[in-house]
Amino acid sequence: MENHFYSLHDFLLYTKGAAYYLMGAMVLGILGFWLYLTGRDEEKDI
Amino acid sequence: MSTDNPAVKKTWLTPYNMVVGLIILIGAVITALRFTKGLGAVTNLSDNNPWGMWIAFDLLCGVALAAGGYTTSTAVYVFGLKRYHSAVRPAILTAFLGYSLVGFALLYDVGRPWRLPYPFFVQSGTTSVLFEVGLCVMLYLNVLFVEWTPAALEWLGFSKIRNLVVKLVLPLTIFGVILSTMHQSSLGALYLITPSKLHPLWYSGYLPVFFFVSSIAAGLSMVIFEGTLSHHYLHDKMDETYLREHDGVTLGFGKGAALVLAGYFLIKVVGITIDNNWHYLFTGYGAWFLVELLGFVALPCFLFAMGVREKNLKLIRGAAVLTVLGIVLNRFNVTLVAFNWQLPAAERYFPSWMEIAISLYIVTLGLTIFTFISKKMPIFSEHPKFKEHESAEFKEHKLKHHPQTFGH
Numbered sequence: 171m172e173n174h175f176y177s178l179h180d181f182l183l184y185t186k187g188a189a190y191y192l193m194g195a196m197v198l199g200i201l202g203f204w205l206y207l208t209g210r211d212e213e214k215d216i
Numbered sequence: 338m339s340t341d342n343p344a345v346k347k348t349w350l351t352p353y354n355m356v357v358g359l360i361i362l363i364g365a366v367i368t369a370l371r372f373t374k375g376l377g378a379v380t381n382l383s384d385n386n387p388w389g390m391w392i393a394f395d396l397l398c399g400v401a402l403a404a405g406g407y408t409t410s411t412a413v414y415v416f417g418l419k420r421y422h423s424a425v426r427p428a429i430l431t432a433f434l435g436y437s438l439v440g441f442a443l444l445y446d447v448g449r450p451w452r453l454p455y456p457f458f459v460q461s462g463t464t465s466v467l468f469e470v471g472l473c474v475m476l477y478l479n480v481l482f483v484e485w486t487p488a489a490l491e492w493l494g495f496s497k498i499r500n501l502v503v504k505l506v507l508p509l510t511i512f513g514v515i516l517s518t519m520h521q522s523s524l525g526a527l528y529l530i531t532p533s534k535l536h537p538l539w540y541s542g543y544l545p546v547f548f549f550v551s552s553i554a555a556g557l558s559m560v561i562f563e564g565t566l567s568h569h570y571l572h573d574k575m576d577e578t579y580l581r582e583h584d585g586v587t588l589g590f591g592k593g594a595a596l597v598l599a600g601y602f603l604i605k606v607v608g609i610t611i612d613n614n615w616h617y618l619f620t621g622y623g624a625w626f627l628v629e630l631l632g633f634v635a636l637p638c639f640l641f642a643m644g645v646r647e648k649n650l651k652l653i654r655g656a657a658v659l660t661v662l663g664i665v666l667n668r669f670n671v672t673l674v675a676f677n678w679q680l681p682a683a684e685r686y687f688p689s690w691m692e693i694a695i696s697l698y699i700v701t702l703g704l705t706i707f708t709f710i711s712k713k714m715p716i717f718s719e720h721p722k723f724k725e726h727e728s729a730e731f732k733e734h735k736l737k738h739h740p741q742t743f744g745h
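If you read the protein sequences in the order shown, they are chains A and B. Start counting at 1 in the first sequence, then tack on 170, and there's your number in my numbering. Start counting at 1 in the second sequence, then tack on 337, and there's your number in my numbering.
If we strip away everything but chain A, and leave its shape as in the complex, we get (with noise of 0.2 Å):
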């Protein structure tokens, strides 16, 4: 049977991904926030 173990190169290539992935994520998360936030927000005269 073979030995797996993990070193620390794989924790962080694992936790960097979830964290590149998530970021997507927050980006888009993010951008729907300040369109509820300033969705009613009154035209400026420019």
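There may be inaccurate statements among the hints.
[As the list claims (entries may be wrong)] Pair ranges (Cβ atoms, derived):
id	chain 1	residue 1	chain 2	residue 2	range
1	A	Y206	B	L618	25 to 35 Å
2	B	L453	A	I200	38 to 48 Å
3	B	K504	A	V197	41 to 51 Å
Everything labelled a hint here was simulated from the structure, so no lab data went into it. Quick reminder that beta carbons are idealized off the backbone N, C-alpha and C, glycines included.
Use these hints to put chain B onto chain A, whose structure you have.
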């Protein structure tokens, strides 16, 4: 009104004054005990827990909740959001008193308080994070003092010095925001040395970022919270400008707080992800962490956003209270609840009643001084002598940047 009726005598023996008097009396007795019998006589501090309630509440919460000073002055003087100008003086006063009381509380907590200036003048430990915190807090306290003096100088009638100090406002604001960024984050950085003592859900390499970002939310919420209280109790001291701008300040700061809290929530989730701490969420500490994150970060964030959308000021004020409580909870969790979490219960720290009483005493002192200054000095109003001067400045600014409002 009772004060208008000569038949009704004004008495000092109101329930509020009696409670304040009692707290100050108890505080004075414990103060005498602390400085004659030492820390051991009044606290439950030990070698395992040398930092207790006075660091958690008086220092960490005090500094975070005094962040309204730099957030408001930066918004107004650096970002040019002049419509929030009337909120600057109350925010600066709150911050100045907050930082003064942090220094005052340190006199109780430090074993040999007369050596507090040592790090600056005798033994500068320039490689220590604590040195950086101490230096920044000391410098920022001086900045806040100078920023607060125009109100005192107007009250005393020293126009020349007042006009000189007013010219320093912009450089002081910039210096203040640099110092605040440094020490608000460094307070979190102090705990980077404790990965084996602090529970993994609260420990993170991003602790300085968490502390700094949460301090902005705390500052914005404190301005709303303090404005609400002042509106209720010091309404007669407010001038037309303050009252006119008050709702706008609540809405604008509510929107800012919603955004900052959303960012804070997301970076907290990144913190869990990057350390792969998800499995801890299914433990008792995990449940408590979720109470903090969902109940005191995500919920107020959503309430702020809803309040801003609906123009519901009550909702925004409620969210501000929840945020302030959440910041207090977070600082308590980092310094006390999740700290030394692996020690058996018997060796864990819980503050003595006298430590709690001293914290209450310090908050009461702050409230009393704030009320006194607000009643005497032009904090919620512009001094009539200087009103025209500021209006002219403001008009000039508006004419330059928003000519359409003047019909040009």
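A quick look at each hint next to the structure:
1. A:Y206 with B:L618: 25 to 35 Å: holds (26 Å)
2. B:L453 with A:I200: 38 to 48 Å: holds (43 Å)
3. B:K504 with A:V197: 41 to 51 Å: Given a distance of about 43 Å, which is inside 41 to 51 Å, the answer is holds.
Checked against the numbered hints listed earlier, the structure breaks none of them; every hint is satisfied.
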